[in-house]
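*Asks:* Once you've looked at the hints, dock chain G against the given chain V.
Protein chains: 2
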Amino acid sequence: MIKVALDAMGGDNAPKETVKGAIEAINADSDTFVYLVGLEDVINKELANYKYNKDQLEVVAASEVIETGEPPVMAVRRKKDSSLVKALYMVKEKKADAFVSAGSSGAILVGGQTIVGRLKGVQRPPMSPLVPTMNGVFLLADAGANVDSRPDFLVQWAKMGSIYMENVVGVKNPRVAIVNVGLEEEKGNQLVKETFPLLKACDDINFIGSIEAREIPNGGADVVVCDAFVGNVILKLYEGLGGGLLKKIKGVLMSSLKTKIGALLIKNKLKEELKTMDASQYGGAPLVGLNGLVVKTHGNAKSTEIRNSILQCVKFTKMNINDKIVKSLENMPTAND
Amino acid sequence: MIKVALDAMGGDNAPKETVKGAIEAINADSDTFVYLVGLEDVINKELANYKYNKDQLEVVAASEVIETGEPPVMAVRRKKDSSLVKALYMVKEKKADAFVSAGSSGAILVGGQTIVGRLKGVQRPPMSPLVPTMNGVFLLADAGANVDSRPDFLVQWAKMGSIYMENVVGVKNPRVAIVNVGLEEEKGNQLVKETFPLLKACDDINFIGSIEAREIPNGGADVVVCDAFVGNVILKLYEGLGGGLLKKIKGVLMSSLKTKIGALLIKNKLKEELKTMDASQYGGAPLVGLNGLVVKTHGNAKSTEIRNSILQCVKFTKMNINDKIVKSLENMPTAND
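Residue numbers (our numbering), protein chains in the order written: chain V, 1 to 337; chain G, 1 to 337.
Think of the hints as simulated: they come from the structure by calculation, not from any bench. Heads up, none of these hints are tricks.
For chains that are exact copies, the list does not tell them apart, and a pair is met inside one copy or across any two.
Cross-link-like lysine-lysine pairs, in silico, DSBU-like; alpha carbons within 30 Å at most:
hint: 1; residue 1: K315; residue 2: K271
hint: 2; residue 1: K250; residue 2: K269
hint: 3; residue 1: K187; residue 2: K302
hint: 4; residue 1: K54; residue 2: K20
hint: 5; residue 1: K250; residue 2: K271
hint: 6; residue 1: K16; residue 2: K315
hint: 7; residue 1: K275; residue 2: K248
hint: 8; residue 1: K187; residue 2: K92
hint: 9; residue 1: K248; residue 2: K172
hint: 10; residue 1: K271; residue 2: K260
hint: 11; residue 1: K80; residue 2: K94
hint: 12; residue 1: K248; residue 2: K302
hint: 13; residue 1: K318; residue 2: K54
hint: 14; residue 1: K267; residue 2: K250
hint: 15; residue 1: K120; residue 2: K187
hint: 16; residue 1: K250; residue 2: K275
hint: 17; residue 1: K3; residue 2: K324
hint: 18; residue 1: K80; residue 2: K187
hint: 19; residue 1: K258; residue 2: K248
hint: 20; residue 1: K247; residue 2: K172
Since the structure is predicted, the reported quantities are computational estimates derived from the model, not experimental observations.
Just chain V, same shape as in the assembly (with noise of 0.2 Å):
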C-alpha cells in the first residue's frame, strides 16, 4: 500500500472537507492508505460520520496547528508537535511516501525542503502545479518556490516536469517551453539567454523553444518553465483574470429577468464547458525533487480536491517519478549549493 500523510488541519475547510477527501481516496482506491495528522478528538468526531476500511486509515495525534499568516520558517521551526510538521517528519522517516496539506504555503515549502530534503542531484525543487489551458493542462516550473533561479535550476525543471507530465498525467513526449518575451532567439532577459542554449542541449526532453504568455492559455506547450517570479506572476495573474471573467459574466448573467432566462438556456453547457478549466481533478501543486512528494493544495481546497491529491501521491509512488528524476540528473553538473 501507498501511504500518504495528510495534514488534517490545514486549509479554510479543514478538518470537515480534509477527513472526506481521505475517506473519499480510500474509498476509491484499495492501494491507497491515509495517515490522518492533527487534533485527535476533532479528527475522531469527523471520522464518525464516514463508513470507510480501517486498514487503510490512521489516526496521528498532533496537538499544534501552523496558521496561514505566521511567519513560514519559525512556524516550521518552533511548532514541532503540529500537523503539518509532524506529517513531513513521517515522509523523511520513510513511514509516509507523501505529504499533502491545504495549509500556509510558506511553510510547506520550508518545510518540505528542510525536513524532507532534496533527492540527490535536485538544486531546487520547483513548486509544479497543473495549470488549465482552452484544451487540457501544462506544467508550471517554478510558480513560487525559487525566485532569482539559475540556468541550471530551469534544466531540471524541465526535466522533473517533462517525467511528471509522461508518467502521472500521461502526455506522450511533452513538448517544453521557456517563458520568453519574443519568439527569436536573440530575445530575452539574461536568464533566458543563458538557460535557451541549455535546454536546446539536452536530448532527452522535448524542447520546442520560446513560449510567449499569450500562448500559454491556448496549449503551446505541456511544460513552461521560467523563474519563480515570473511563474508565480502567471499563476496568480491566472488566477485573478479568470475569476474576474467569470464575476463578470455571472453578474450579466443575473443583471434582469430576461438575462436570467437566457442564463437558465445556457447554463448546462456553460458548466460543462467551464469544467474543462479546472485543473483540481488532477490534484494540488507537487514540491517536485524531495525525498517523497510534498503537495500544496488551495488553501479553501474541498474535499475533491484532496482526495484527488492523495490519488496523485498514490501513481507518483507507483510509477517511481523520483528513481526517474535522479536518474535523468545523473549526467548533469550539479552544483548543490
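*Replies:* For chain G alone, coordinates are given in the frame of chain V:
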C-alpha cells in the same frame, strides 16, 4: 495646433484604417493636425473617400515600409525613407509633437530611443500601456522595453506613470504598486527588495506597496511597476487568457439552438459589460520619457484606436506632461548610461 506624425503604413490594416483614424481624429478636434507619412499615391487614394479640413492634414511622402518581421535595429538603420523612420525624424526635428504607429514594436522601440531620444534625466523610457481591469484601467510600466531593469529605472517609471495617470487619464493621486510574489515586505526577488525602499522613500507618489498578480485585474493599483520581462508576461497573458475565455464563452453560446436563443437574451448586456474591458478608448501604448511622445497601437488596430491614439498625443502635449516629468526627475540621482 498639436501636430502628430502618423505612420500611415504601419499595422495589419494600413493604410485603410490609419487614414480613416486620422480623419476621425481631425474631425473630432479642431486643434489636431496630422501628418500622414507613407506611400503618397496609396494614401491619397484613401483620402479621396473622406471630407475633412485640409488645414489639419498633410501627406508626407515616404517610399519604404518596415515590415513586422524585420530585425528592428537593421530596419531602422537601413530604411531611412520608411514611413516609420521618417515620421520619427519629424518628432526629433520638432516638426511634429508626437508619433503614432501600429507597425513593428521592435522598430518603434529602437527608433523611438535612437531617433527621438530621451528626455533630460530619463534613464530608460518604459512601454506603458493602459490595461483594463474589472472596473477601470491601470498603467503598466514597463510592458516590454527594458528587460533586466535596475531599481532606479522602476522608481522613474513610478513617477512618470503617476504623472500620466493623473494628467492624461484623470485619476487623482494614483496608487502605485510594485508587482510581487507576496505582500510582506521581506518577499520578492532581488530587484523588488532593492526597489521597494526606494519607492517608499518617494514623497511625490502614492506608493501603496506590493501587488500580487491576482489583484491586478481587480483594479488593485493605478500604476503597476515591474521589470519589462514580467510586464510583458502580464500584458500577453491578459490578451491570451482574456481572448481564450471569451472564445470559449462564444463557443458555448453558439453550441445549440437552445444556447443560441439564450445568447440573444444576454447579448446586449454582455457586449455592454465587455466594452468596459476594452482599453482602446484610451489610445495605444505610450513610450514615455522621450523628447516628444511615441505611441504604439496594436498591430491590428482599427480606426478607432488610431483616432484615440492621436487624441491621446494631443492631450499629452497640451498637458505639458514632458515638462512635468523632467521636473519630477530633477532631484533624482541620475546615471544616464
